[in-house]
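Now that you have both chains on their own, put them together as the hints suggest.
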Amino acid sequence: MAVDTSRPLDPAAGAKGARGRGGRVHKDGTPPPRGIRNALARHWYAWAMVAPVVVVIGLIIGYPLVRGLYLSLTDANEANVERTIGINHIPATYKTVGLDNFKAILEDQVFWDRLGWTVTWTVCCVALTFSIGLGLAVLLNRRFAGRTLYRSLLILPWAVPAFVSVFAWRLLYNEKNGILNKVLDGGGIDAVPWLNDPTMAKASVIAVNIWLGVPFMLVALLGGLQSIPGELYEAAEMDGASPWQRFRHITLPGLRSVSSTVILLSTIWTFNMFPVIFLLTRGGPGDATEILVTYAYRLSFVNSPRDFAGASAWGVLILLILMLFAVVYRRSLRKQGEVW
Amino acid sequence: MRRGIAATALVAAMALAATACGGDDGGSGGDKKSGGKLSGTVTYWDTSNEAEKGTYKELALGFAKKHPDVKVNYVNVPFGEALAKFKNAAGSGGSGAPDVLRTEVAWTQDLANIGYLAPLDGTPALANQSDYLPKALAGAKFKGKTYAVPQVIDTLGLFYNKKMLKEAGVQPPKDWTELKAAAKKIKEKTGKTGLYLRGDDAYWYLPFIYGEGGDLLDTGAKQVTIDDEPGVKAFAAARDLVTSKAAETDATDGWDNMQNAIKNGDVAMTINGPWAIEDTLAGKAFKDKSNLGVVPVPAGSKGQGAPQGGQNLTVYAGSKNLDASYAFAQYMSSPEVQAKTTEKLSLLPTRTSVYSNKSVAANPNVKFFKAAVDKAVERPWIPEGNSLFQAILVQFPNVLTGKTSPEKAAKSAGDAYRKLLKGDWK
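Residue numbers (my numbering), protein chains in the order written: chain C, 24 to 363; chain A, 302 to 727.
The hints are simulated quantities; they were obtained by calculation from the structure and are not laboratory data.
Small disclaimer: the values here were computed from a predicted structure and weren't measured.
Treat the hints with care, since some could be wrong.
Subject to a maximum C-alpha distance of 35 Å in a straight line, what follows is the list of computed DSBU-like cross-link-like pairs (lysine-lysine) [as the list claims (entries may be wrong)]: (1) C:K225 with A:K546; (2) A:K603 with A:K712; (3) A:K354 with A:K367; (4) C:K118 with A:K621; (5) C:K199 with A:K546; (6) A:K590 with A:K354; (7) C:K126 with A:K523; (8) A:K712 with C:K199; (9) A:K475 with A:K442; (10) A:K603 with C:K199; (11) A:K720 with A:K436; (12) C:K205 with A:K463; (13) A:K671 with A:K659.
Okay, the calculated bits of chain A under chain C, using three or more residues with CB under 8 Å as the criterion [stated by the list, open to error]: (14) 413-426; (15) 615-623.
Each residue gets a CB set at the ideal place from its N, CA and C atoms; glycine is no exception.
Here chain A stands alone, though its shape is the one from the complex (with noise of 0.2 Å):
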């Protein structure tokens, strides 16, 4: 027990450390010379998986070929860490900060908020503004400022192993009933489960509420709206793939399993974004990379719907390489960039002009997705917006068990937003 307190000290103090190494020496470049070059230390903070990173780091390095005086420190940080991480470091006075951190479409409003972001109107990173496609720049949004430059942009759809569909005779489902009926014939021709809900992430309950005609609030008249009747129709709906078995679920380590069980072929569809392509077709099941189908995300009651997600990059406040990190922040959403990640990870540009690219257009995944993402649902951009997902998530592996009632889960999600949210919400 002794040894926990020592064990917790070692993390906080290696964690401690790390930042600091990683952003040692961040700032200490200059600022543009004389000839109006750019030189000194862009320190990176990426949060791209593992599946990602390889091409990630390859592609922060080539800003080096632009700008040869510059040097390009390229961190990877796990998603999940990155924003406690990030405000841990910027908070505390900023040594340790990054230069430039690939931020979650949600965090922007938060650290915008907090004034841990540059403004980013009428800097070369943001250069050629009407070229981004609208909803991405809404994400980047906060008070009438731009705080960040889109670099990706994705939405759920619906992943499913072609094969496994024919054997069962069935056509991908296009809501949750006929979601549930696939289920039923594939469990009995192959055996197998139909489809793998996540139940430790509240992203993946976007699409039910949302299929219902719902919202967790309304951002307009300042109410929060999740304890309506659609967002308990959410609750429910999901619950009943899992207590009727056509979904598999787990309250821990959902994105692993989740991934092993599509990967190994013992699950037939999952509900996942652009991110989760590369990593899906490493497994034993898309051994043929074309047995893997995308298709929307099922519709509700009400009619089909997946939440806007998506990375931007944000510019630290406190760089002390402001110039630098702007035009690395512009190189990063280029289009060439952009295309690259395409080509190689089927991530979805946030440039319209990207899209006209051969090699992007003719990915038969950007095709889906670019339509999907176009329906896409937009999510509060608030400050508070990451945080609404914490209440979800603490009710939403009970409801998918069957250990709280749909209606108990809305309220008391909706009770906490109340909590979160300051001001005159209702």
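In isolation and in its complexed conformation, chain C is listed as follows (with noise of 0.2 Å):
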């Protein structure tokens, strides 16, 4: 995040002189410590600008990071670090044990386990959310009768606050009181144990998650898709193209900017996607809908005391696997010749 934030602004701070001053530095042998001198003297306002960002990102996701990291390689928890209860002030004492937490979770079936239903989720989620999302896309930007009012009522599930529409669909899902059960049991069906069979409460929580997702999709999609320009259709159109080749042919390519982007922070949200599964199922029934952040959460808030050191670790191996996704996605894309 740090990284993305800052580099716009590089060179905007140095639009004048970053080409001329790198040669400069280079060729005539000036002493860096002087470079910087001069780019500060020159370019002071926009550092200026710049610093408020750099502080508070550096505060609000910076520090933590550092400090998580940093605990995923001691054995803190709540009963040895350090803190102070009104006039008793108790010292830390956890230790640093070096990797010993991730050779733990890698050793254990439990984080495997996590892994592979974590990842089905996400893709299931993610591509069903695309394709849903895709498909609506395509239909609304046609010209209809009552255009507006399907667009803004599809939208609808995004204006409300997640926790509410999970809440809901947990009324919803409830297997003695729920409507759902309700409805079928009006149709002579059997009731379904949506949450509290663990195959039905996976297929549960990716329908919720679904169901908050599209909207997005619709969005960002429905904004590319206006932005392909009707010409193309028109030619294809005239040289014969049928509407599937026109979809396949111009549709498709000229979303690839908005649709790479969209599947890339899709993927990433979902699979750490804390809210539905938390307030949906506790991870339940059993562990059978727990993905790795629930877990995590498990470790550093549920048990007793609370093992901020394991959490930790559980956190720097959720983002390392979030990093070397979103390194392998970037570079298959940019095979394809797409630069991002």
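Structure (structure tokens):
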């Protein structure tokens, strides 16, 4: 995040002299300190504008990140960290244990089970959300009566706070008193154990997440669709391209820059989608729907004493997995000639 | 999806704001004034349920009658969130933490171990210590010191709909085999299910393992015992009730579904504690209050056993108003207050003297539960006591619905315990 934010600012800060400065330092052998001082003197205003952002990001992202990395290498828990309770000051007594936490996690079947389900959950959610979002976007991109009404209705789920929607879904899913089962009962179908059967529970959480995610896809892809010039379609039609061919060869490539971004973002969000799983099933039944983040939460907030070290190590692993994914994903896009 | 992040942040911010509001003026008051009069504000976090909180609020605010200079700031915190909320507030230097917290018995040792609680030995809070039931006091101790004042003691019993059992022509069952037989008759005669068994709370597993003569841990020998034979049999016994359709269960929303089922007369029996009496009686099946019967939790193959539970009052070590907090804790567990909670909510007093009180002695639910509490099994009073439920909770729903075998469930729980318990546990 920090890196992304600062990048666009860089060229802005040195827009005029960026190229020249770089070259001069190199050729003339000017000592770097002078170059920095020079840059500071010339662009002090830009630096001053950037400083608050850097400080805030450093405080709210950088510090917790570094602290988490450090804790993951210790055996810190709630009972041995430093704390001040009223007049009592209890000093820290935890120690560094190196990579023991990571070793323990990677040797534990729990991690691999959770990782397997987290990947399944992410792939299912993103693939379905994207397809449904794309389908609806293509539909809504045509001109027809009541288009605006449909658009606003479809964006509605996004306007409701996620936790409210999730609680509403939980009421719908209730096996004994939920509306879904009442409706099925009316049709003579037996009650479905929506959240009480491991497989059904998995399907149910995925359904809710798709419901929450489609509006975002819809809006992003609709925007992308509208930026594709209409002449392309007209020309293709003149050439006798079928609707499917037009979709395949104009719509999809035209959406590539939008879709690659939304897929990456949505993958990262879904991978760490804490509220849906936690509020809907608390990871249950048993631990069937527990994803990596909800398990890390369990370690650091539910078990006593709270295991800060273990939870941090889980957090670091989650971060590594996501970074790895982002790097691989960007590489594969670049190979297809996409500059992102 | 983006909303998700924003919403989480919003919830977190609101939670923070709420805690901040709750305790803002928590410790702002002074200490004892020169004349020995108490003053300032005492913030009290109560965890009682919807049916109980009105009574508790009234009682807590009554403290000001005795100490007019003390302002009581009553906050009702949902039971399920209270421990995490308290830890968040207490750990971060204490702004927003209450002065007095109603603490589930299993939280007491956990919080004392981290250093969040003030020891109460020798303070006014624990005056007249000999009046407390020894079992209740045992749950308030940690490493030789007393960290809590017992407020309420409880255990589980079998609640039943008298009319429905009579219709089916069965007596309240004494063990699980009888319960299965009774459930079958109830199904035949009334079409209703016999028992609602909570599958989303590990507390409901305890009567099964005690009934088989086992326990989660042997704290004396420092040994994990849940994966021994009784633990396996306990899972099997509970599963048998559900798979034979004698009982129904859920993996989510168990409390609401259980209460709805018994209150509407959809099931004949539930297993529950005194804290549920008031709520249960509000249901349409109990318009005639005498329709609710309570008997001991059915026995297993080795005998009858239910867990000892209850609520304590603990004082936050960082309270800026310790003297008033001690006095408040003492007041909230005083004989008058305990007698009132019994009268209004049928909760069990922790003081021996209160049981001789006329209205308490005449309450049939108290009569029953007192005998049950005397026999109840004490839980392991260790800091990890509350976390022991987590591992069972992961296994319980899957065992009940037949997705995991009892052997596998018991073994997984035992493994989880060995991971959780630090030190030389076997």
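Tested hints:
A C-alpha spacing of about 25 Å is found between C:K225 and A:K546, which places the hinted pair at or below 35 Å, so the restraint holds. Distance check on the hinted pair: A:K603 and A:K712 sit about 21 Å apart at the alpha-carbon level, within 35 Å; holds. The hinted pair formed by A:K354 and A:K367 meets the criterion: a straight-line CA distance of about 21 Å does not exceed 35 Å. Taking the CA atoms of C:K118 and A:K621, the gap is near 32 Å; set against the 35 Å cutoff, the hint holds.
For the suggested pair C:K199 and A:K546, the alpha carbons sit about 15 Å apart, so the restraint of at most 35 Å is met. Only pairs whose Cα atoms come within 35 Å are accepted, and A:K590 paired with A:K354 is accepted, the gap being roughly 21 Å. Taking the CA atoms of C:K126 and A:K523, the gap is near 26 Å; set against the 35 Å cutoff, the hint holds. In summary, the hint linking A:K712 to C:K199 is supported, as the alpha carbons are separated by about 31 Å, within the 35 Å threshold.
Taken as a hint, the A:K475 and A:K442 pair is honoured in the structure, with Cα atoms around 34 Å apart against an allowance of 35 Å. For the hint linking A:K603 to C:K199, the alpha-carbon distance of about 34 Å falls within 35 Å, and the restraint holds. A hinted pair counts as satisfied when its Cα atoms are at most 35 Å apart, and A:K720 with A:K436 qualifies at roughly 29 Å. Distance hint between C:K205 and A:K463 is fulfilled; the C-alpha atoms sit about 29 Å from each other, no more than 35 Å.
Among the hinted pairs, A:K671 with A:K659 is consistent with the structure: their alpha-carbon atoms are about 15 Å apart, no more than 35 Å. Remark: the segment 413-426 of chain A is confirmed as covered by chain C, as 4 of its residues place a Cβ nearer than 8 Å to a Cβ of that chain, reaching the required three. Proximity of the segment 615-623 of chain A to chain C, defined as three or more residues with a beta carbon under 8 Å from a beta carbon of that chain, is established by the 5 residues found.
Comparing the model with each numbered hint stated earlier shows that all of them hold.
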